[in-house]
Structures are given as structure tokens and as C-alpha cells.
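Starting from the given sequences, assemble the full structure and let the hints guide the process.
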Amino acid sequence: MAGVRHRWSGARAGLQRLIVPLDPWRYYEMSRVLDEVLEGEWLDVSSPKLLMSCLQADGRGAWVGIDLFSREIRAWQQVDPALDLRVQDARALDFSDESFDGCLCISVIEHLAANDDATVMAEMWRVLRPGGRVIVTTNIARSSRDVLISDHRYDEASVEVAEGSVFFERHYTYEDLHSRLLSLPWEIDTEEFVRMKSAVVHEWYARFAPASYVAGGALRWVCPSNFARIGAPDELMPGEMGVGYLVLRKPLNAAASRSRSASG
Numbered sequence: 146m147a148g149v150r151h152r153w154s155g156a157r158a159g160l161q162r163l164i165v166p167l168d169p170w171r172y173y174e175m176s177r178v179l180d181e182v183l184e185g186e187w188l189d190v191s192s193p194k195l196l197m198s199c200l201q202a203d204g205r206g207a208w209v210g211i212d213l214f215s216r217e218i219r220a221w222q223q224v225d226p227a228l229d230l231r232v233q234d235a236r237a238l239d240f241s242d243e244s245f246d247g248c249l250c251i252s253v254i255e256h257l258a259a260n261d262d263a264t265v266m267a268e269m270w271r272v273l274r275p276g277g278r279v280i281v282t283t284n285i286a287r288s289s290r291d292v293l294i295s296d297h298r299y300d301e302a303s304v305e306v307a308e309g310s311v312f313f314e315r316h317y318t319y320e321d322l323h324s325r326l327l328s329l330p331w332e333i334d335t336e337e338f339v340r341m342k343s344a345v346v347h348e349w350y351a352r353f354a355p356a357s358y359v360a361g362g363a364l365r366w367v368c369p370s371n372f373a374r375i376g377a378p379d380e381l382m383p384g385e386m387g388v389g390y391l392v393l394r395k396p397l398n399a400a401a402s403r404s405r406s407a408s409g
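First residue of the sequence shown: 146, per this note's numbering; consecutive thereafter.
In case anyone wonders, no lab produced these hints; they're calculated from the structure. Built from N, CA and C at the ideal position, the CB exists for glycine as well. The reader is advised that the hints may include incorrect statements.
[As the list claims (entries may be wrong)] Simulated restraints, written as ranges between beta carbons of each label pair:
no.	residue 1	residue 2	range
1	G376	D239	25 to 31 angstroms
2	S343	F240	26 to 32 angstroms
3	G376	A237	32 to 38 angstroms
4	A237	R216	30 to 36 angstroms
5	A259	V182	32 to 38 angstroms
6	V367	S241	41 to 47 angstroms
As C-alpha cells, then:
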């Protein structure tokens, strides 16, 4: 009976991920990662597991994936047993210094409350080998904004900032990106910003979820062509959200670079 339950759990998780569409923004973020040359040992920090599964199956790097949510780890272990998935807190990674050639963090960093975003960036720096890369995507906007919701959507990771208000995500300005995420002496290989040409699809998807999932398969025909490159978050309209795609490199002489940065 236990084997039957495990098989059904894997089938159910796989079916759910087949039916439920990607968020429209993931069509840009994930396709952009797939354009990269990825080799060596990589750590995936809570990104959508479908991406790591595709990369590993394609022989593009040796991957370890971590997530704070044990349910997500268990589900994906059933969907793709070949993945090395572990329950860990990205704010205190259980890996030695300089363990990986790269770190991937897709649509995660903006959901970390308080100064946890900077803490996770520092942890990725710590476990990254000199010369290694971090690929990060996150929300951007013309003005800083914290989005609050009323439910504990992230279970034990949900952070109440006031009674009845739970932190959901942060929208970063260009200055926020550099002060909060790039405080360490990263070398910037890529700094790319995009907006949606039309926000109608995203608004429809979000407003009517989960009913909108029924038509989710059609998003693949609409979303990939719905993104336009912009020069900076300042070009977004007031209240509009975009996405930033960053490829950061830890300098070969990382200790000296960090010392110079600390000294001002």
C-alpha cells in the first residue's frame, strides 16, 4: 500500500504541474536561463523545480536543489527522482564555503522579508567558488513597494508585519537592487530589465486564478512575445511592475575584493 501511495503522490504532483500553468513572468525568466551556458556544480535556491529538472536532464550542470518547504521537496522527488533535493533554509545554507560553480535563484529573493534578501545573497556568495556565477531574477518598479496580503501563503515562512498583514513581495528600484542585493563586490556580467508589452494576460491570470488555470496551456502561445527590454526600472509607469535578470560573478580574488568594498 505504501508503494501505491507514493506512486499516486508522484502522479498527482506531476499532473498538477502539467495542468497548472507557469506564471506569465516565468516565460521570460526561465527561457532566459535556458539561453545561458551552464557547466559544473550548481545550487538551485528555491527556483521553480521544473527548470532544474530540465537543465539536469539536458546534461547542463550537476545540480543540488534546496527549498524551505518540505511538501514541495517531497512532491518533486516523486515527479523527478533523479533530482538531488534537500530541505534547507537559504538564509543559513548547510554547505561548506566555495562548494559550487554557480547558484540559481529565480523569482525568490523578492519574497524575503526584512533584510533576509541580503542575507541570502551573502550565503550564495559564501558557497560560490571564486569566478563562479549567480543568476537572480526579481521584481522591479519605478518606486519601492512592499506588497502585503492577508493570508499566510508561505506557511511557516510567512512573516506578519502587522496584525492581519503578511509580507508577500518587494518591488525593487534600481537603487534598491544595488543597495540590498549587490552590497558585496559582485562583478556584473548581465543586468537586464523587461516589462510586459501588455499586462492584460497577467492581470487576467492573477484575477481569475485558479479558474484561469483551465486555459493555462494557451499562455505558451502568448507570453513569450509579450516582453520588451527597457534600460532601467525608472522607465516603468507608476504602479507598473517589471522583472530584472542579473548574472553576477564572484571575483577570482574575492577576499581582496570584499576587503576593498568594506573599506569604502
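*Please flag the earlier hints that this structure goes against, numbers listed from lowest up.*
1, 2 and 4
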